[in-house]
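2 protein chains.
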Amino acid sequence: VIETRPVIEVDFQPVGKRVHVRQDTSVLQAAIEAGLGITSACGAHGSCGKCRVVILSGETNLPTANEKRIGLQDGERLACHTLLRSDARIFIPPSSLLGQQRLQTDSSLAQSPVDPVVRSFDLEISAPTLTDLRADLQRITDELRSNHNVAVGMVDIPTACHVSRLARHHNWRFRVFVRGDEIVGAAPTGTPPVGMAVDLGTTKIAAYLLDLETGRELAAAGALNPQIAYGEDVISRLNVADRQEDGTRLLAHAVRETLSELLANLTEAAGIDSGQVADCCIVGNTAMTHLLLELPIRQLVRTPYVAAVSSAQDIKVRQIGLQTAPGAYVHILPCIGGFVGADHVAMILAVDMDRVDQVTLGIDIGTNTEILLAHPERGFMGSVSCASGPAFEGAHIANGMRAAPGAIEAVSIVGPHMHVDTVDDAPPIGLCGSGVVDAMAALHKEGAMNRSGRLDADHPWVTTQSGVREVILTAADKSGTGRDITLSQEDINQILLAKGAIRAGLEILLKAAQIEPDAVREIIFAGAFGSFLNINNALTIGLFPRYRNAIFRQVGNAAAVGAKQALLSHAVRLRARQLAAETKYVELSTFPTFNRYFALGMLLPDENESQR
Amino acid sequence: VIETRPVIEVDFQPVGKRVHVRQDTSVLQAAIEAGLGITSACGAHGSCGKCRVVILSGETNLPTANEKRIGLQDGERLACHTLLRSDARIFIPPSSLLGQQRLQTDSSLAQSPVDPVVRSFDLEISAPTLTDLRADLQRITDELRSNHNVAVGMVDIPTACHVSRLARHHNWRFRVFVRGDEIVGAAPTGTPPVGMAVDLGTTKIAAYLLDLETGRELAAAGALNPQIAYGEDVISRLNVADRQEDGTRLLAHAVRETLSELLANLTEAAGIDSGQVADCCIVGNTAMTHLLLELPIRQLVRTPYVAAVSSAQDIKVRQIGLQTAPGAYVHILPCIGGFVGADHVAMILAVDMDRVDQVTLGIDIGTNTEILLAHPERGFMGSVSCASGPAFEGAHIANGMRAAPGAIEAVSIVGPHMHVDTVDDAPPIGLCGSGVVDAMAALHKEGAMNRSGRLDADHPWVTTQSGVREVILTAADKSGTGRDITLSQEDINQILLAKGAIRAGLEILLKAAQIEPDAVREIIFAGAFGSFLNINNALTIGLFPRYRNAIFRQVGNAAAVGAKQALLSHAVRLRARQLAAETKYVELSTFPTFNRYFALGMLLPDENESQR
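From first to last, the protein sequence lines stand for chains A and B. If you're matching positions, the first sequence starts at 1 in the numbering used here and goes up one per residue. If you're matching positions, the second sequence starts at 1 in the numbering used here and goes up one per residue.
Everything labelled a hint here was simulated from the structure, so no lab data went into it. Possibly wrong hints are sitting among the right ones.
[As the list claims (entries may be wrong)] Now the stretches of chain B that chain A is said to cover, found in silico as 3 or more residues with beta-carbon under 8 Å:
(1) 124-131
(2) 134-144
(3) 150-164
(4) 283-296
(5) 302-309
(6) 587-593
All C-beta atoms, glycine included, are put in the ideal place defined by N, C-alpha and C.
All chains should be built: construct the whole structure from the sequences, respecting the hints.
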């Protein structure tokens with residue numbers, strides 16, 4: 001039999017795994033070939049309804065009778081009954097995905113002292129009588145003034161309704177939550193107020209419920225950012241928002257719904273009432289916070305790429321649709337610029353970069369890599385954003401994927417043996433960021449490529465397929481996909497482009513501050529990739545220079561820690577406001593030397609440099 | 001032919017006209033018998049669709065084929081095709097009513113100086129460049145600070161969106177509207193900000209558009225309060241809100257929709273853009289403002305009848321659904337108590353009762369009659385609310401109605417002749433408040449009743465129908481309904497009950513303040529009824545005592561004037577806040593002497609008193 005069906009490319013989201021299959025392959029089969037587990041209970045008969053996916057783009061067969069019977073939602077299909085006619089992008093909802101992507105919801109960083117914006121007051125008030133006809137709210141503000149020395153000047157309408165009803169229900173013995181001069185909620189006497197802190201990432205959302213009185217963490221939950229269905233990276237999503245009618249609203253509502261579900265999960269897990277949630281704090285990059293708030297984004301996708309609003313925002317939580325105390329606010333930390341967002345400000349807070357006593361670099365690697373430089377003696381804080389691209393997140397890499405089960409996260413070569421470690425020790429199905437760095441470092445040490453990263457065709461680890469040089473990391477018989485998992489010349493080139501961008505950013509930031517490399521004393525890596533990165537291997541391929549006097553620190557999800565700190569402390573919010581205003585944003589494209597630094601930064605270190 | 005169909009009562013709203021007809025009469029026919037003009041262009045064939053009415057209660061035939069063809073909205077019927085099977089309440093929308101109810105949208109009172117809460121600043125800002133990457137809003141707040149000495153600390157999200165887009169559309173030359181430390185809107189350079197002032201009455205709504213820079217009135221518009229469909233008086237509406245699922249929301253949305261239409265009419269009439277509407281001010285009684293804002297109302301219908309919120313409210317206009325500058329606020333004046341609302345505070349402002357230099361009474365007669373007493377020497381301001389009932393608004397009076405065309409508004413007896421004047425000189429169809437007072441005064445002068453108001457059966461003006469004594473004001477052959485228009489013994493009793501309540505309120509208020517009647521120097525009548533009232537006739541029937549040293553002033557719709565003053569002036573709002581806090585509310589029911597004053601107050605003056 002001669003196979004005449006053309007080959008198509010299928011891109012699975014949110015894990016970012018691509019696979020090539022023949023036309024008319026089912027989505028379920030393509031997912032199996034990609035090594036991805038999709039839930040299926042009925043043996044692909046289209047009857048259990050568990051393998052729901054969303055076809056983001058591409059042509060397919062029409063929905064079958066079984067699919068219609070099951071009652072799918074708009075855009076949904078069953079993976080087992082959907083045949084692919086063209087290149088396609090498929091979104092696998094978390095509920096249909098066997099195994100979860102690794103979510104980083106912890107950090108080694110300590111929390112700051114508790115100094116919450118919302119305070120609680122237990123009240124005991126006399127009920128209205130014919131001789132004391134003060135309005136409900138008047139009685140409450142009078143009591144706060146006379147017995148608690150608190151001057152309340154504001155109660156919004158939904159809160160006034162809630163407080164009045166609750167006060168009467170509890171015979172005028174109850175607790176109010178007060179924020180500044182405003183009552184934001186009420187609860188039975190003694191009920192502690194809680195708050196939600198959120199790290200709103202482009203890919204992942206991490207949410208935490210904290211007791212606002214003790215600072216204790218009551219629950220944590222993670223979810224994928226549902227906007228991923230509209231584009232894997234920030235730019236794709238901004239383009240959807242910019243070009244599509246009602247695009248911003250669509251993206252805003254998607255993420256608000258997920259936040260709402262996360263909050264419901266958190267309150268249920270902690271066993272508390274949503275009316276106790278008296279404060280929130282959200283951090284995210286500038287695009288994420290603009291989309292969340294439905295702010296204008298057109299100016300974020302056009303040079304010179306500026307934010308519509310960069311200052312901290314305090315808006316009513318109900319405006320983003322969350323179920324909390326009726327008058328509760330959500331605090332959005334300020335951003336530094338179009339590419340240096342509130343998440344970066346949160347990271348600075350978490351690692352105390354505005355308080356270090358020596359020259360320190362803070363680095364958060366992602367599609368945009370943000371770098372911060374603090375020079376306390378000069379009172380200087382500066383930041384750059386490097387367009388490093390999504391290679392470290394598995395995109396633009398043939399076998400790339402995110403750090404989901406089966407992703408190769410570590411690689412080493414010992415003698416004739418290639419060792420790989422995968423997430424959850426699952427059979428290897430692809431390669432995530434830290435695995436890519438490890439593989440390149442190992443090959444560089446083996447001398448399998450030159451300083452420009454070109455693979456040596458004669459080297460024993462290098463093979464050539466259809467004219468393309470590549471290295472097989474896991475052979476077909478050991479992989480979860482039944483095919484070789486490789487690192488190709490093209491993959492290496494993508495990594496070198498990312499490396500060039502990061503190196504250029506580092507060089508220019510130091511030049512702009514007129515700081516010698518040897519003055520750098522500490523380098524802090526924040527974020528998921530930075531935490532799992534093997535620093536020695538990163539130095540081997542020259543992802544960063546070897547600053548002679550510097551130590552390295554990997555701090556995990558610092559943005560989430562900063563969000564929690566800002567949730568718990570008024571002083572931290574003031575600090576954030578100040579440091580955002582004082583941090584100088586260095587725009588790389590205004591430096592004529594950028595291209596030279598970029599080209600130099602792509603080179604691999606020679607033996608001397610890498611061993612120094 | 002023997003007529004066997006029973007008689008039913010039909011109550012037409014909003015004019016408050018009742019009529020008795022035979023069962024199976026059409027609504028159109030009943031309206032004609034009530035003397036009310038309903039629009040009808042097709043000769044009752046059910047084809048023009050102009051005679052739409054809403055059946056508020058009562059049984060009817062099922063909708064006919066013609067009615068279905070026309071496509072009526074929920075609850076609507078055609079008056080010509082609807083046959084009445086039982087007692088019924090029918091709402092005639094303004095669009096179906098020939099001739100308009102008299103709306104009082106003017107006043108003789110002057111306006112106060114212009115000191116608006118919203119200020120305008122014309123800006124010229126440089127556009128973002130790669131070397132000046134400040135966020136859009138940052139550029140604007142920086143410019144306001146450096147070139148206009150204005151510190152802006154807040155811009156809400158919808159406003160930030162609007163301002164950012166408008167600034168870019170006009171190449172960064174534009175105007176912002178600033179309220180305190182908050183940007184609330186933006187417009188092309190030089191565009192004046194305008195504001196809307198609203199007197200939200202139980203029956204009528206009057207709205208005005210004013211230039212916030214000059215104070216000039218640009219347009220005025222009136223409408224009936226659509227909540228009338230849920231009850232003619234405040235208590236009926238509060239009961240709907242209290243007992244019906246979602247009742248408050250229903251009533252709130254009805255009035256918000258009308259306000260929205262009024263604003264649209266005003267801006268169209270004035271030829272301005274809704275984005276220029278940068279401020280609003282609304283006054284109304286406590287029930288009206290609570291319903292508008294969807295505040296809790298349960299405590300307003302249960303003793304001791306207190307407001308949920310009595311302080312002034314500043315909320316975003318968009319929260320009540322009006323189309324204005326995106327960040328604009330609506331200011332609701334404070335109320336004094338459950339029965340002394342923001343409209344009364346506005347009246348006090350308009351007539352400067354907080355600044356008079358002699359003892360002054362302010363009276364606003366309605367279903368509840370509010371009375372204010374100012375004693376400047378003692379620094380005393382007190383108020384009472386009397387449950388005078390709706391008799392002066394035409395309810396509980398057999399031939400009563402509001403001041404719509406055809407209402408008898410003045411009555412006099414000259415020799416053997418009874419003279420009546422009607423609104424718009426239309427054929428008489430009923431009797432409004434001022435007509436009732438005139439008729440009673442004329443009959444009292446003629447000696448047709450004793451001091452208790454009992455009609456003398458032997459007096460020439462008095463006739464007896466089915467055992468009930470009455471006076472024919474207009475005979476059937478001259479009336480617009482083809483039936484006699486009368487004032488019955490029962491009607492007189494209702495008026496005396498109202499009079500008793502008002503007199504008791506006046507006596508107790510003076511006693512509470514320990515003020516002798518002779519110390520009163522001025523009596524101010526505000527409101528619609530007070531403006532059209534013949535003062536001499538009111539004194540003849542003893543509606544008020546003859547304070548020996550007092551002069552009378554009728555000021556028209558003072559509440560609307562107060563609303564305009566508060567719209568235009570920050571100082572006036574502060575004054576309102578202070579006077580609302582300082583005015584003592586006197587609860588009549590706590591006075592053991594109330595019943596005695598009430599009984600005495602019902603008596604008609606004897607010859608001596610009425611002539612004194």
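Verification of the supplied hints:
1. Under a criterion of three residues with beta carbons nearer than 8 Å to beta carbons of chain A, the stated coverage of the segment 124-131 of chain B is upheld, 4 such residues being counted.
2. Look at the segment 134-144 of chain B against chain A: 6 of its residues bring a Cβ nearer than 8 Å to a Cβ of that chain, three or more, so the hint holds.
3. Counting residues of the segment 150-164 of chain B whose beta-carbon sits less than 8 Å from any beta-carbon of chain A gives 6, enough to reach three: the coverage restraint holds.
4. Counting residues of the segment 283-296 of chain B whose beta-carbon sits less than 8 Å from any beta-carbon of chain A gives 4, enough to reach three: the coverage restraint holds.
5. Only residues whose C-beta sits within less than 8 Å of a C-beta in chain A count toward coverage, and the segment 302-309 of chain B has 7 of them, enough to reach three; the restraint holds.
6. Closer than 8 Å: that is the beta-carbon criterion, and the segment 587-593 of chain B has 3 residues meeting it against chain A, so the requirement of 3 holds.
Hint check: no violations occur; every hint is consistent with the structure.
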